[in-house]
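Trainee: Letter by letter, the chains look like this.
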Amino acid sequence: MKADPRGVLTGAHFLDGDHACCEGALAAGCRFVAGYPITPSTEVVERIAARFPTVGGLFVQMEDEIASSIAIQGAVWGGAKAMTVTSGPGFSLMMEHIGLAAMLETPCVFVDVQRGGPSTGLPTLPAQADMMQVRWGSHGDYEIIAYCPNSPQECFDLMIRAFNDAETYRVPVFMMLDECVGHMTEKVLIPEADAIDLVERRLTTAAPGRYRPYETGGAWVPPMAKSGDGHYFHITGLTHDENGYPVMNAQAQEACVRRLVDKIRKNADAIVAIEEDDTADADVVVVSYGITSRVALKAITRARAEGIRVGHLRMVTVWPFPETRIRRLAEAGKAFVLPELNYGQMYLELERVVAGRSRTHLVPHGGGTVHDPEVIYRKIKEAAQ
Amino acid sequence: MKQPEPTASANEPVNPVAAYLRMDRIPHIWCPGCGLGTVVNCLVRALMTCAIPRNDISIVSGIGCTGRVAGYLALDSFHTTHGRAIPFATGLKLANPKLKLVVVSGDGDLFAIGGNHFIHAARRNMDMTVLCVNNFTYGMTGGQVTPTTPLDAIASTTPYGNFEDPFNLPHLAESSGAVYVARWTTLHVRQAVKSIRDAIRKKGFSFVEILSPCPTLYGRRNRLGDGLEMMRQFKEKSVVRNGADTREAGLDFKGGILCGTFIDRERPTFLDRYNETMAERLGHAFTPYGGVL
Amino acid sequence: MAADGKSREPRGRVYIDIEMCKGCGFCIEFCPADVLAFSKAFNAKGYHPPEAVRPDSCTGCGLCGMYCPDFAIFGVLNSTAA
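Protein chains in written order, with this note's numbering: chain A, 1156 to 1540; chain B, 47 to 339; chain C, 74 to 155.
Keep in mind the hints are simulated off the structure, nothing from the lab. Take the hints with a grain of salt, since some may be wrong.
[What the hints assert, rightly or not] Subject to a maximum C-alpha distance of 20 Å in a straight line, what follows is the list of computed DMTMM-like cross-link-like pairs (lysine to aspartate or glutamate):
{"hint": "1", "chain 1": "B", "residue 1": "K283", "chain 2": "C", "residue 2": "E102"}
{"hint": "2", "chain 1": "B", "residue 1": "K248", "chain 2": "B", "residue 2": "D298"}
{"hint": "3", "chain 1": "B", "residue 1": "K283", "chain 2": "B", "residue 2": "D310"}
{"hint": "4", "chain 1": "C", "residue 1": "K118", "chain 2": "B", "residue 2": "D272"}
{"hint": "5", "chain 1": "B", "residue 1": "K144", "chain 2": "B", "residue 2": "D298"}
{"hint": "6", "chain 1": "B", "residue 1": "K281", "chain 2": "C", "residue 2": "E82"}
{"hint": "7", "chain 1": "A", "residue 1": "K1453", "chain 2": "A", "residue 2": "E1529"}
{"hint": "8", "chain 1": "B", "residue 1": "K281", "chain 2": "C", "residue 2": "E92"}
{"hint": "9", "chain 1": "A", "residue 1": "K1536", "chain 2": "A", "residue 2": "D1433"}
{"hint": "10", "chain 1": "B", "residue 1": "K144", "chain 2": "A", "residue 2": "D1384"}
{"hint": "11", "chain 1": "C", "residue 1": "K118", "chain 2": "B", "residue 2": "D70"}
{"hint": "12", "chain 1": "A", "residue 1": "K1157", "chain 2": "A", "residue 2": "D1433"}
[To be verified] Stretches of chain A that chain B covers, calculated by requiring three or more beta carbons in the stretch to come under 8 Å of a beta carbon on chain B:
{"hint": "13", "stretch": "1431-1441"}
{"hint": "14", "stretch": "1453-1463"}
{"hint": "15", "stretch": "1469-1481"}
{"hint": "16", "stretch": "1498-1509"}
{"hint": "17", "stretch": "1519-1533"}
No experiment lies behind these values; they were computed from the predicted model shown. Heads up, the beta-carbon is just placed ideally off N, CA and C, and yes, glycines get one too.
Work out the full structure, taking the sequences as your base and the hints as a guide.
Mentor: Here it is in structure tokens:
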């Protein structure tokens, strides 16, 4: 289905990443946001507070991030597309409810505009140190999808993909910005509404009394319902059967949780989005994401000018991790350089997937600013040896 | 020996509350003498007679013995996380304001971990009914102390006696802005049905506290007897004073149990204020909000 | 037998689901007409369910059903019973 023109601010704009997230959400059909202020994400909800009432949406500033992260789920089960917005400390508070969204299979979007951590850290300065947390932060086994925009334009574009993926797979989907992308102002082109394709929520067609919330009929994802349609369904965060009733034993666990994990793992190739340049004949591949991908470009350009055969693999989705592609490149013997604004988080995945087939090099950075391209360039040279 | 009356069969009347229960999940998990089943009886009777279509009722619960109520009701029901039923209900209500939200949860869930959400929803006058089953304990996890456990009571985490003053829930609810505040016990079944019905029908944040026996844990540790004995104590100690000052509604072992409908007042709801403010500020740019769909 | 000695149809009757009962005693205690008492029999779980020892006194008020935490008993008015 096409986007509702009421929410699409068609035209050429000069927006920062935070503001572009708001417009992306509106274009994607989001009409409910519950949030709590936290630097450097606050501008997202400030714009939302001003824009949503004018397009039939509603924003409520809740009392904390714990309330925000579950209010959006209530709204989803009432029929809305919903989102919340936060940064590191708030993200940590939301972890329990991320697990709830995974267990209930509630489609929803979380925006994390990453800042220096841990704890209060560097509220106004960038980092990329929540990357493992977004994947593993809640307890138990579950899978999520995470996008890493590297520009305000991508904040808009990827937001639409995030909402679409949420509906397709019924998982919480994450927009992992960083303070740099969130606060940089660039041109954002917003197309006409009928050029924007949205995934509509798949609601059950079962007759009243016949809906079983987690019966998939062999598909990966069961159809949803919403309160008020006469299905009288029950859902719970407890391990449950196809009726949605709690069943607490190992067999029920396997039946319930295995699919939550497999629906992403077995469809990873369809979900993964990467951009590759010059990797085919490269000796060294720089793997990057978010703001660091733009900094890395400078180092890569310089290295190429000197004749080093260096390619670039930018992760647009960071989770699921692009295992298939990385493994293929590793088998071809390419060395990897991974710069990131943390002390080695996505690097752990890289090492795991490469599994010693070729050499991997981390360019860590504690955050607070972006890498000096010189440092990445030197690592590329080292990797090319 | 007289034979007991025959059990219900296809040709005979069924339990009047069965239509709103998931009979495929009965018998429930609660102990003999636990008042939760009685509360469910009262809640279902209120729901059946409140003239609100069954479709429009949404039940949200937290974690604990009371939290399991949601799973036994044949309505749209959501068993969420500990302490967070109220914000879930907030989102559900705001997405579809036509829904009637009833939050059913226990004293620990609503007032320890959930305390912050309770006071804010009351402050905002979010249109929902919160039914608190107060058994003075965290039953599901083995009987720990809660913010409503009376002074000196024994609990598994206060083995030498509770030395913290408990909340006075009706007073807390009133102070936070609730428009309807009542307290009953599982003894007062008729009044509870009426009160719950009034609370559900009332626009705004309504709060009904129902004291209930937990004979297995709270009752046993404090030598209060079994469920029936605890009900007899409710009978002996309760005093009904509608309109009483909620400051007098504190509970302890020595004093009486003040019951009644204490508060029934009017305040604009969150959505009333939202629509009013937006219409005033945005004029024609704003269409009154009635839900996302 | 009613108090005035005349035989009358009771106003109501109770239905008891013997196997659901957990012997809490609420219905017996709070029946305003003292219709019920603990049966000497056991159900499968080992509880003594109630029995109507004074069925003629039943008014069909339904309080037993309102109290029962196990949905094991309810009363009906005889005009609605079969």
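Trainee: Please go over all the hints and tell whether each is borne out by the structure.
Mentor: Going through the hints against the structure:
1. Among the hinted pairs, K283(B) with E102(C) is consistent with the structure: their alpha-carbon atoms are about 17 Å apart, no more than 20 Å.
2. A C-alpha spacing of about 30 Å is found between K248(B) and D298(B), which places the hinted pair above 20 Å, so the restraint is violated.
3. About 24 Å separates the Cα atoms of K283(B) and D310(B), which puts this hinted pair outside 20 Å; it is violated.
4. Under the criterion of a C-alpha separation no larger than 20 Å, the hint pairing K118(C) with D272(B) is consistent with the structure, at around 18 Å.
5. A C-alpha spacing of about 40 Å is found between K144(B) and D298(B), which places the hinted pair above 20 Å, so the restraint is violated.
6. Under the criterion of a C-alpha separation no larger than 20 Å, the hint pairing K281(B) with E82(C) is inconsistent with the structure, at around 32 Å.
7. For the hint linking K1453(A) to E1529(A), the alpha-carbon distance of about 9 Å falls within 20 Å, and the restraint holds.
8. In summary, the hint linking K281(B) to E92(C) is not supported, as the alpha carbons are separated by about 28 Å, beyond the 20 Å threshold.
9. With a C-alpha separation of about 16 Å, the suggested pairing of K1536(A) with D1433(A) holds against the 20 Å cut-off.
10. As the CA atoms of K144(B) and D1384(A) are separated by approximately 12 Å, the hinted pair is consistent with the 20 Å bound.
11. At roughly 19 Å between alpha-carbon atoms, K118(C) and D70(B) fall within 20 Å of each other, so this suggested pair holds.
12. Distance check on the hinted pair: K1157(A) and D1433(A) sit about 35 Å apart at the alpha-carbon level, beyond 20 Å; violated.
13. Residue count for the stretch 1431-1441 of chain A with a Cβ under 8 Å from a Cβ of chain B: 0. That is fewer than the three needed, and the coverage hint is violated.
14. Counting residues of the stretch 1453-1463 of chain A whose CB lies closer than 8 Å to any CB of chain B gives 0, so the stated coverage by that chain is violated, three being the minimum.
15. With a cut-off of 8 Å between beta carbons, the stretch 1469-1481 of chain A has 0 residues touching chain B; three or more are needed, and the interface restraint is violated.
16. Counting residues of the stretch 1498-1509 of chain A whose CB lies closer than 8 Å to any CB of chain B gives 0, so the stated coverage by that chain is violated, three being the minimum.
17. With 0 residues bearing a CB less than 8 Å from a CB of chain B, the stretch 1519-1533 of chain A misses the requirement of three and the coverage assertion fails.
Of the numbered hints listed earlier, those contradicted by the structure are 2, 3, 5, 6, 8, 12, 13, 14, 15, 16, 17.
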